[in-house]
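Chains as they are written, first to last, in numbering that gives the first Met the number 0: chain V, 0 to 983; chain L, 0 to 189.
Treat the hints as calculated values from the structure; they're not laboratory data.
Any given hint might turn out to be false.
To be verified - Sample of chain L residues at the chain V side, in silico, Cβ under 10 angstroms:
1. R30
2. Q54
3. V56
4. A96
5. V101
6. R105
7. M120
8. A129
9. G133
10. E134
11. A141
12. Y166
13. P177
As the list claims (entries may be wrong) - Below, a list of computed lysine-lysine pairs in the DSS-like style, where the Cα atoms sit at most 25 angstroms apart:
14. K875/V <-> K890/V
15. K770/V <-> K822/V
16. K816/V <-> K624/V
17. K770/V <-> K681/V
18. K40/L <-> K736/V
19. K936/V <-> K875/V
20. K736/V <-> K93/L
21. K191/V <-> K114/L
22. K40/L <-> K93/L
23. K114/L <-> K736/V
24. K114/L <-> K681/V
25. K154/V <-> K587/V
26. K736/V <-> K36/L
27. K6/V <-> K154/V
In this text, a Cβ means the ideal position worked out from N, Cα and C, and glycines have one as well.
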Amino acid sequence: MSTRLSKGGRLIDRAKRLNFTFNGKPMQGYEGDTLASALLGAGQVMVGRSFKYHRPRGIMASGVEEPNALVGLGRNARFEPDQRTTTTELFEGAETRSQNHWPSLEFDVGEINDAFYKFLPAGFYYKTFMAPQAAWKHLFEPIIRKSAGLGGVPKEADPDRYEQAYAHCDVLVVGGGVAGLAAALREGRAGKRVWLVEQSAYWGGRTPVDGGQIDGFEACDWIKTTLQELESMENVTLRTRLMAAGQYDHGYVIGLESVGDTRPGADLPRHRLWRIRAGRTITATGAIERPLAFAGNDVPGVMLASAVRDYVANWAVSPGDRTVIVTNNDDAYRTALALLDAGLSVPAIVDARETSHGALPQEVKARGVRVLEGRAVAKVLGRQQVSGVEICTQAGEGGAIETIDCDCVAMSGGWSPVVHLWSHCGGKLIWDAGQAMFRPDPERPPLGADGTAMVQVVGAANGDLTLAAVMGGAGLGACSSDEAAMMPVWQMPAGAPPALRFKSFLDFQNDVKVSDVQLAAREGYESVEHTKRYTTLGMATDQGKLSNINGLAVLSDALGQPIPATGTTTFRPPYTPISLGAITAEAKGPLFQPLRRTPMQSWHEARHAHWEPVGQWRRPYCYPKAGESHREAVNREITNTRSNVGLLDASTLGKIVVKGPDAGRFLDMLYTNMMSTLPVGKCRYGLMCNENGFLMDDGVVARLSDDSWLCHTTSGGADRIHSWMEDWLQCEWWDWKVYTANLTEQFAQIAVVGPKARQLLERLGGMDLSKEALPFMQWLEGRLGGFDARIFRISFSGELSYEIAVPASQGLALWEKLVAEGKDLGVMPYGTEALHVMRAEKGFIMIGDETDGTVIPQDLGLNWAISKKKSDYLGKRAQQRPHMTDPNRWKLVGLETLDGSVIPDGSHAPADGYNANGQRNTQGRVTSTYYSPTIGKGIAMGLVLHGPDRMGEVIEFTGEGDAMVKARITDPVFYDKDGEKQNV
Amino acid sequence: MSDAVSALQGATHEGFVTVAEAGLVGMLSIRCDLTSKTLLKALKAHGFPKPEPRQIVEAESGALAWMSPDELLLICDHAQAAQLARTLSEALEKTHALIGNVSDARALFRIQGAKSDQVIMKLCPADIAALPTGEMRRTRLAQVPAAFWRSGPNEISLICFRSVASYVMGLLEISARPGSELFETASPSS
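The shape of chain L in the complex, shown without the other chains (with noise of 0.2 angstroms):
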């Protein structure tokens, strides 16, 4: 569908991080018992191991994440979203699960630059400087529920409902205005 759009259509903006919504991804919302062994063969068979409590856990065709006892969030390309959608559901047909299409139900936001952290701390009250590679923090941001994890080198990758993308994308530049940097360097004690 030539005609879709990401909640903001990729708006960037510079401050002391780039801020930037990444466009269209695909998101699969998985509620099924984690131990269940179809499960785990249908996950695997698109490359994607277990995600532990809190994990996240990148492969080639996107990253799995665990998000409570009994829900895994799958992250993958957007046009892909509903044809995986389906071959997951039919091989989960005769066990108990929920595989929700929620690509359009969210925005990803990245963060990147030396100081990303800084931009976190100003509305989240996680412990960002706690946060390792390859963990999803849920929490809050300002007033809106999000999930962030660290994507790359200097990089935070930020979920939140489309329907807020626009306060979440004001909440962010204006933590990530010049001159207002918590600290000089790139993060305090950790």
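This is chain V alone, in the form it adopts within the complex (with noise of 0.2 angstroms):
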């Protein structure tokens, strides 16, 4: 069992005890130490169930590669799966949670498909199950569903905050172990902006573990001075506890920060994600240790060498009193030494060497430890806890020659470069016989925007995995102890039997075995992206850190090719999981999108407005008052806006200036019909298409000057069509002397609708607004009321009407203004929905409802709106086009219910027969339609085949469910044909 010892550990406080629970049993650990350490420290070995097979898992690594010591984190809204104990930090009150059980970690029913292994072999769910066809869907999905998989999702919202920053820097250095430290020296005396970032906590990565000195000092020492050195550079900046998930193309790297996960509760941001542009990326990422693949390389107890030293050495913990250490090279042996200064036992090292004479064997020969040459791990025997080996030679098939009882292992299969920042940018690999592994190839590294190197990689992550060899490479002189070859072992014994092979894992976090990737092999999958996605090697949140290597050597000696034939599958970031709150960062809640507000907003707001989003603007769609549903108060705003007067906020119309001498020029060719000719104070309504014809925009265009015309656009437009224009003037008439500006923002507007809506401006006082002195579609400019206004003779409603323009801090005063003044005419403010029922009683079309990106200006019987006289306008060419002129084009008509009721939105009108699909023909579709309060009953506009030659026939659309609604096409004028009301 594991243990806390009793004195040492470099990273703890015992002075500062935290307490923290393990599926509810309280505990306690230190602070300094991870989850993992303080799990151990409690004498807690097995901390989880397997993903697949359900089998006891225990902690195997002290970093990031950690396949299978995950628990649930947290509770309720804070409650958090498949965080990793090995990275995450110990604090006050922790809750941990083991996964993947029932009813309990210790008894757990999902334990029998371990005993039915041969059932569940790599891609089990593609060759069983296949009858009855409708039990997979409703019984087997079901039931593989609930037994995999890992921690349970969170059923609340995270209450959490996250934030994002960026950062700029010369250099970007990512590990802050020696090579890191010697890296960011160098570029910060250069005088370079440098960015040192380490993942952990704490700074020197291994080497304060595994000892040795450096530039003649010993190594603890020189990473002190060193930093010292670092922290009093202005123009270097160190972080811990931030991780370099991505490098992307340009020098962007992605990198995420813990800042608040140790103080739960607390107002700090949780993480922050760091968007950092580097001109130049040094990684100097380090290596990790691979595991062996022998039987039972997964029972709770079975470590890497490194993590046993690591909890040793830095917590303090013994990972149990008997350690037996299984290694193909001598850097496993760092750890016998280390056990035996901290007075534990070590029974035996099992070397898979015929022979090893390098400097630590020998030192620890010379300590007495039992070194069994050219042997191998047959087997671990023990479920939930290492009992011991069985020992046999690493050239046989697994015959034991002797026991050797233990409740450790600690193994070590090499070592693998981390390579994934090289590599996430196309870095390229080569494979290192001598080392078995694969590090960067110096002459491929993944290369800028000026086709130079654009990472750098330094130290382990480099290949150089002695002290002496990483130093080096930075120009310093480093000694550690001179290591011997290591010898390859993918498989252990050699020729392991398929009982042990069943046996030995490979990829701990999802199941797979050796057994699964030779059977893979077998079935034929030669590419290892086919064989990681059949078997799923490599796919778990560990994005197989520890399986990866492991499994293309088992593949290659399975397909009989040698390892870089094989190839590694593609690493992408992130290298360990981010947070998707940090991803959100502070767009959520009421930042989730920019809301943009009119000045009135407020007054809206106060009146409990129902909004309806326009673009990223909440425009009122009506006002309910007490006990009205909302149909009911779109009704009565019409009512009362066409019987006495009713204000509409149009402040998000778009404004758009157009000014100079080829002005006019400019709109003539935006515009379907003529704006050139348009007299200065008066207002014209237009058209915009696309270059393909089709009709994208409509509004007011008011003439202001000689060489100045206001151009209005749809609410959701104004940005689209300010840039439609820029594009034109910039790429394509650059020539032109035109010049644009969007006043979209600058005014607030107004509508004063209805037959009393001359009398209200009236009681404001300050300019004549007169049938005479202001003219239908003209414009005036003066003081009303005190207000500078602006003031438009357009209708979008058939009625009365004057839009009022002022600028938009004087919007919310003039508003008020109305409001009071017009108490007694009865002036209303009314929404959208009553703006959109208006228009369609007086057959005007919407951008959007009528048009959908397929509809021509002609379609819509807007002919009168196109001018017959200009040689161009963009969209004319296309509109002159077979499939344009087509006389079967649909063609707007109105559309009256013969029973009153309305036409469900987006209904279509069937015709006879069936198409080559088989779907029911159609003859036309309903653009438009509402209850009409005007008219009293259902009214709506729709394209339909041939329709305005059918004027008066009844066609029938399809109503809710099966119900069909009969429909009498008409005028698409339902209101006021002759424009008597808007014109008085």
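Reassemble the complex: the two chains are provided individually, in unrelated frames, and hints are given to aid placement.
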């Protein structure tokens, strides 16, 4: 059993005890502990169940590569599954919970899967449960989904806050080990703007544990003085707890910083996503130790050799009293020395090599440890914890020579450089046969925009595994023990029979074994990428940090080809999982999207307006009174506007000024009708089409002066149309003298609409708004009741109507003044739905209702707004193409239901017969449909085949469910056909 | 007009820096050939020298910023903006130019405090540490366009569109919350 040692532990502060729980059981650790070291220190070796077979699992590693020891952390809204205990810092009150078992960690019903392992090989779901067909969806899949998987999903919204930050530097150094420190020091001394980031809370990487000398100093002293020098440099920024997740093109690097993880509930951002623009990245990301593939290599108590000595040295945790070390290299002997120094027992070192005569093995042998050469672990004994190992020859088939009792197994299969950041943007790897690993190919780095290397790699990440090699790369002297050559071991023992291979795990998190990869090879999978997906090797949340190299070595062996011929799978960001909250950052709740507010927004809010989103605006849909439904409110607003006077907040309308000697010519190209001939002081309705002839925007244009026009656009179209104008001016007609300015937000605009509109405005005084002074489709500027106003006599409702534009700062005051002055006239605000119904009653089209990107003005009977005189306008040529002039194009008509009901939105009019796809033929569709309180029944507009030629004909539209609605084809203008009301 | 109000009516927020909406400010958008002698003369008459690309130059009656190769932004007193627009338009009557009064289309914020840069760093991809005094950066703030410059010791002025002033205040407020400073000192390496 694991336990806390009475002394030592360079990272823990024994004066600060921290309480936490595991599955409800109270435990204690120290400040500086990770959850993993605290669990081991408290004697908890088994911490979870595996993904597929529900096998007991323990802590295997001491860093980001940990595949097994994931727990649920926190509770309720702050519950988060799959937290890696080896990198999660312990904090007071941490609640942890083991995963993937029922009813308990110790007794798990799902463990039965382990007994049936033969029926659950790689790709079993492709092969089994084939019949009956329906059973897959309703029986097998739900059961498999329930039994497989990791942690649960939190059921409440995340209460924490997250943020992002941008950083810029000349050089980004990733990894705060000795290689990264040396690189940062060199770049810092050269005056570069340097960021040095380290994913853990500590500097120095493995070196403080593994020891050695750098530049004539003890390694720990060198780290300390180097840090001091870096901290003193103005041009160097040091960050711990910041994991560089991905390297992207143009020197863009994403990093995740842990800010408030250990203080849940504090008013802090939990994570911060750094978006770093680096001139160059130096990756000093170290290497990860590989497991060995022997039977039972997943039993709790089997750990990486480096992790075992990390726990002893860093956190004063003994993973077991008696540790058997199994290795193919000299480095693992360091673990023996660390254990011996801590007073623990090492019953044997099992070395797969025939001889071990390096300096470290000599030292270990000299201390009386049994070293079994040419030997292997045949299998691990024990289920919920290691109880011993059976020893065999590495060359043989696993026949046991002896059994050694132990409670921990420390394994080392060699090391793999962390090449992720090098590889993300295309850096290539070469196979280093001597160290049995892929390492960066210096000849083929990822290239930046200038064609030179964007990423450099130093230290163990570059395959320099010894301290002397690492520091030699940085131009510094260092000494560490010489190491003899390692021997690649991909399967232990070499001739392991199926029974052993079935229990030799490659990918611990996804439960992929040697036998699975060999099966995939037998079934014809040759590509490593296909094998990965078929077996799920390397596809878990650890992304195969421990399994990939072992897996592809086994695959290569099964395919009878050298490892470099098989190659690696693709390295993709993020290096370790990053929180979705950090990607979202501030963009949630009220800041999810910018919400554009008109100057009168607070007035609408105070009247409890019901909202309609229009682009990023929210406009009042209607203003329901107490007890009133939305439809009742809309009807009231319409009736009031048509009989008294209504106010509409039209501030969102686009307002673009176009000015210059060529402005008239420019607008004649943009609009389908003539704008250059519009007299100063007058307004004209215009249509805008894109190059393909389709209608894209409309609005009223007012001529302000000889060389300037004000173009109103739709609310949603203002920015798009302004960009459209600038695009033509900057890219196509660059020599035309035209300037534009988008003044949409400069003005609050209020539509004062209804038979009493003039009466209301006259009360404000200051301007003559009589029919003679301001006729229909003209505008005037002046002081209206003390406001700086530009008044347009235009109507979208068919009523007497004025649109009054004032500077936005005066908008609310004018609105309130109109409301106050018009009380006895029955003035009421109306919303966008009333606007829509009233325009439909008048047969006016709405961009986005009558148009959908496939409709041309001619379809809508708007030929009167298309100039015949102009030689060209945007869309003209397209509108002359045969498909556009086809007499069978559906055309706009009005529709009146016979029974007075409202045709459902989006309804089609079926026609006889079926098309080639077996779908019912259609002869039309509804584009706008409303209840008209003015007419007293349902009215609609629609596009109908030969519609204008079929006036009075009754056709059927699809209704609710199977019902059909009969409607008569009419003129689209339902109300005041002669326009007498708007022209008074 | 006594009832004229800015978007947030001078709202302020105290975080690890102070964030304040600056109330009504005059702004004119000037589109013209920036080498036009008529333009430069008209601006000089009001005390404004010509800003070089990306520059913002301060004058007694306000500031003048370079926005693009054919656009300037003149910042002045709100009460004087309309008259100034008329005066400049008249001076440029025979020149191809567009003077737009955009005073009410914008909101102006002041971020004050030694760590003002850190608030910008959280919201904006621009390299604020490399921004010299006298330069205006046009960029984005989270999801909306913005422009800012160093308007005084430990002060950044920031312009956005009026309709999104509440959104921008929300961004600045959350980014300036005490405890979320990016660095203990005012700025990282520069």
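Could you check the structure against the hints above and give me the numbers of any it violates, in ascending order?
Violated: hints 2, 3, 9, 10, 19, 23, 24 and 27.
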